[in-house]
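**Student:** Residues per chain, in single letters:
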Amino acid sequence: QKEVEQDPGPLSVPEGAIVSLNCTYSNSAFQYFMWYRQYSRKGPELLMYTYSSGNKEDGRFTAQVDKSSKYISLFIRDSQPSDSATYLCAMKGLVGYQKVTFGTGTKLQVIP
Amino acid sequence: IAGITQAPTSQILAAGRRMTLRCTQDMRHNAMYWYRQDLGLGLRLIHYSNTAGTTGKGEVPDGYSVSRANTDDFPLTLASAVPSQTSVYFCASSSHGDLNNEQFFGPGTRLTVL
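Just so you know, the protein sequences line up as chains R and H, in that order.
Just so we're aligned, residue 12 is where the first sequence starts under the numbering used here, counting upward by one.
Just so we're aligned, residue -9 is where the second sequence starts under the numbering used here, counting upward by one.
For the record, the hints were derived by calculation from the structure and aren't laboratory data.
Treat the numbers as computed from the prediction; the structure is a model and nothing was measured.
Do not take every clue at face value.
Said to hold, decoys possible - Mimicking PhoX-like on lysine-lysine, the simulated pairs with C-alpha atoms at most 25 Å apart in a straight line are: (1) H/K47 with R/K13; (2) R/K67 with R/K81; (3) H/K47 with R/K110; (4) R/K78 with R/K67; (5) R/K118 with R/K67; (6) R/K13 with R/K78.
As the list claims (entries may be wrong) - Examples of chain R residues lying across from chain H (beta carbon under 10 Å, computed): (7) K13; (8) M45; (9) Q49; (10) R52; (11) K53; (12) P55; (13) E56; (14) L57; (15) K103; (16) K110; (17) G114; (18) T115.
Don't be surprised by glycine CBs; every beta carbon is placed ideally from N, CA and C.
Construct the entire structure; sequences and hints are all you get.
**Tutor:** Rendered as structure tokens:
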């Protein structure tokens, strides 16, 4: 079993829809939770990060962490065609700070 | 500011050949990383370096070597390429002073080994 599980999609939604992207994990040592966005043929870029449990909002994006369920989510409100990309969840613990474990990514397509 | 640059952008290589992928960052980050990204497997860490002069093995180090002679450069060498090393390779860097340890990625090198 992988440490981080992420549905690969693809996920196709109409413009303006609310998108929910999710990851589950098995390592209870994970404390930092991140979402990276990767456009086609580009490197990943950090979108949001959250420490421990709770919600964090940034514009149209909301990251949610439920450590009791080992489940994290990224919500995108009013989705735009420019949101079409692959979204990678990532997480790490406090010890061994350099090791980040990535999910396999969910490909999202927002249809105009 | 360029951030992280990688070269070449893409390469087709015959099996058995030696190949060095180049990575340079201008952010003065302490740590640097090499990942490979394969469909269905996501990003897997090959090697990393916490600071100039030190390197460490990641999840899939076999067949690869790295060096970190200075802060800015972190080349990845395939001593004798094999077809299973066909992948997209990403270099990344981060600052130890950043609690979040945000990793900044380069644009990638697409490598095909025939």
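**Student:** Take the shortest C-beta to C-beta distance between R/K103 and chain H; is it under 10 Å?
**Tutor:** holds, 7 Å
**Student:** Quick one, is the R/G114 hint okay against chain H at 10 Å, beta carbons?
**Tutor:** Holds - the Cβ of R/G114 comes within 10 Å of chain H, reaching about 6 Å at its closest.
**Student:** Should the interface hint for R/L57 be scored as holding, given a Cβ-Cβ cut-off of 10 Å against chain H?
**Tutor:** holds, 5 Å
**Student:** Next pair to validate is R/K118 with R/K67; report whether the Cα-Cα distance is within 25 Å.
**Tutor:** holds, 22 Å
**Student:** Assess, step by step, whether the Cα of R/K67 is no farther than 25 Å from the Cα of R/K81, and give holds or violated.
**Tutor:** holds, 17 Å
**Student:** Please verify whether R/K78 and R/K67 have alpha carbons no more than 25 Å apart.
**Tutor:** Holds, at roughly 14 Å.
**Student:** Identify whether the interface hint at R/M45 stands, where standing means a beta carbon of chain H within less than 10 Å of its own.
**Tutor:** With Cβ-Cβ at 7 Å, under 10 Å, it holds.
**Student:** Are R/K110 and chain H close enough, Cβ to Cβ, to be under 10 Å, as the hint says?
**Tutor:** holds, 7 Å
**Student:** Checking hints one by one. Is R/K13 an interface residue toward chain H, by the C-beta closer than 10 Å rule?
**Tutor:** holds, 9 Å
**Student:** Take a quick look at whether R/K13 and R/K78 sit within 25 Å of each other, Cα to Cα.
**Tutor:** Distance ~17 Å between R/K13 and R/K78 Cα, so the pair holds.
**Student:** Holds or violated: H/K47 and R/K110, Cα atoms, limit 25 Å.
**Tutor:** Given that 25 Å is the threshold and the Cα spacing comes to 11 Å, the pair holds.
**Student:** Is the hint on R/E56 kept, meaning its closest Cβ partner in chain H is under 10 Å away?
**Tutor:** This interface hint holds because 7 Å falls under the 10 Å limit.
In summary, this structure violates none of the numbered hints.
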